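Chains C and F, in that order, are what the protein sequence lines are.
Sequential numbering of the first sequence, starting at 1, is according to our numbering.
Sequential numbering of the second sequence, starting at 1, is according to our numbering.
These are calculated hints, taken from the structure and not from any lab test.
Note that the structure is predicted; figures quoted are calculated from it, not measured.
Treat the hints with caution; some may be incorrect.
[As the list claims (entries may be wrong)] Covered stretches of chain F, going by a simulated chain C footprint (3 or more residues, C-beta under 8 angstroms):
no.	stretch
1	24 to 32
2	62 to 69
3	73 to 83
4	185 to 198
[As the list claims (entries may be wrong)] Short derived list, chain C residues pointing at chain F, Cβ under 7 angstroms:
no.	residue
5	T133
6	F134
7	W137
8	A141
9	Q163
10	H164
11	V184
12	G187
13	F188
14	V194
15	T196
Using N, Cα and C, we set each Cβ at its ideal position, and we do this for glycine too.
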Amino acid sequence: MSDHDFHPLVMQLLDGDLTIADLPAELRAQGEEALRLLAAVDRRPVEVPGVVQRVMRALESRPAPRRPRWKRALEPREIRLRIRPWLLAPALAIAAALIVWIWPARLTAPPPLVTVRFVLVAPDAKAVSLAGTFNQWDARATPLVRAGANGVWTVSLTLPAGQHQYAFVVDGQRWVPDPGAPAVDDGFGRRNSVLTL
Amino acid sequence: MLTLLAVPLTLLSMQQPGAIAQRLAGRVSPNVAALVEQLGTTGSARGLPVDPLIQKAIEGSAKGIPDDRVAAAVRMVATQLDAAAAALREGGLASDTLAVAAGAFAITAGLSANDITALARVGARPQALTVGLRVAGTLAALGVPPAENIALVSVSLRSGKSAADLLLLPADVESEVAKGLTPAAAAAGLSRAAAAQARHGPPPGHGQQRPHPPAPPHHP
């Protein structure tokens with residue numbers, strides 16, 4: 001009897017899907033015979049001396065397939081990192097020092113805010129505004145409002161503590177220092193008022 | 001190691017040039033912008049602040065000043081920043097951009113590099129020194145001569161006055177001047193009072209920090 005002559009149910013028995021008791025009575029003898037043959041199979045590994053070496057030699061002698069450079073560049077690679085603990089501490093220290101050096105202003109708390117009232121007496125003015133380091137010297141950014149009929153112009157601003165320079169701009173043209181505040185040379189032949197908060 | 005260093009070095013490369021151009025865009029002429037970029041980048045590499053250069057360029061343009069004069073003023077600010085930084089180093093303070101900017105302002109107001117060094121040698125913390133330099137510049141703008149100015153700010157820094165108290169010094173001088181004293185005499189009197197207070201403690205009722213914030217700078 002060859003393997004091909006086994007009944008399909010006997011093949012299931014050999015596959016372990018059925019047991020000998022599951023087979024119909026007329027197939028049990030065939031099943032037992034099949035199991036006996038299976039048990040008699042020599043399962044020791046087949047060794048062919050030198051076959052591995054011959055295969056490896058054949059592979060090594062074959063030229064590697066050529067791939068475009070761009071394809072090789074895009075291929076995923078395995079990167080191995082070896083971290084030496086004694087190098088880690090100084091590296092962290094240098095990194096921290098560089099960050100502190102580069103961004104010192106961002107690491108400190110923002111300055112507190114102070115509200116300041118600016119006042120100018122200009123009875124003949126049609127418009128007065130305030131320009132300074134706090135509004136990028138924009139003559140239109142901070143207009144003053146006339147307070148009453150006696151020519152008093154005023155505005156209140158909340159500014160960060162620090163030093164600010166400024167001037168009033170009267171009628172959009174005339175830059176006027178604050179008569180009530182200390183002033184310094186602006187470098188252009190005029191005076192800037194100084195506010196130290 | 002290289003990975004760790006890459007983060008701050010990337011931040012450094014991102015820092016100045018783009019920021020300067022962005023702040024000046026549409027505000028100053030291309031020539032002035034290029035000058036500020038150049039001075040700002042080189043100064044920044046030496047630990048100098050960039051903001052005063054940007055501010056002076058914008059100010060000149062806003063005031064309608066011709067480009068050549070704006071450029072001259074920006075160069076002057078750069079020189080003052082260099083002088084202030086050198087004076088602070090001479091006084092023992094390493095790079096601190098706020099202190100340098102405050103020192104440059106004090107020089108603009110009429111103090112010398114030696115005056116800046118003298119204040120730095122008091123040994124106050126950088127934050128207190130920065131306030132002291134701003135106050136000294138303000139006192140100079142009020143007409144207080146350098147000798148009396150530096151004496152008053154130095155004794156105030158040495159006695160450990162708070163920033164709020166330091167900021168009141170200009171108003172105190174103005175108050176004395178309003179009574180008829182010269183700015184020099186007013187500052188000298190306040191110096192003597194501060195020195196006596198440092199020796200014997202505050203007079204009765206004056207031991208606490210003043211409760212009110214810095215006074216507005218002017219009156220109609």
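Legend entry - Structure versus earlier hints - violations, ascending order: 1, 4, 6, 8 and 10
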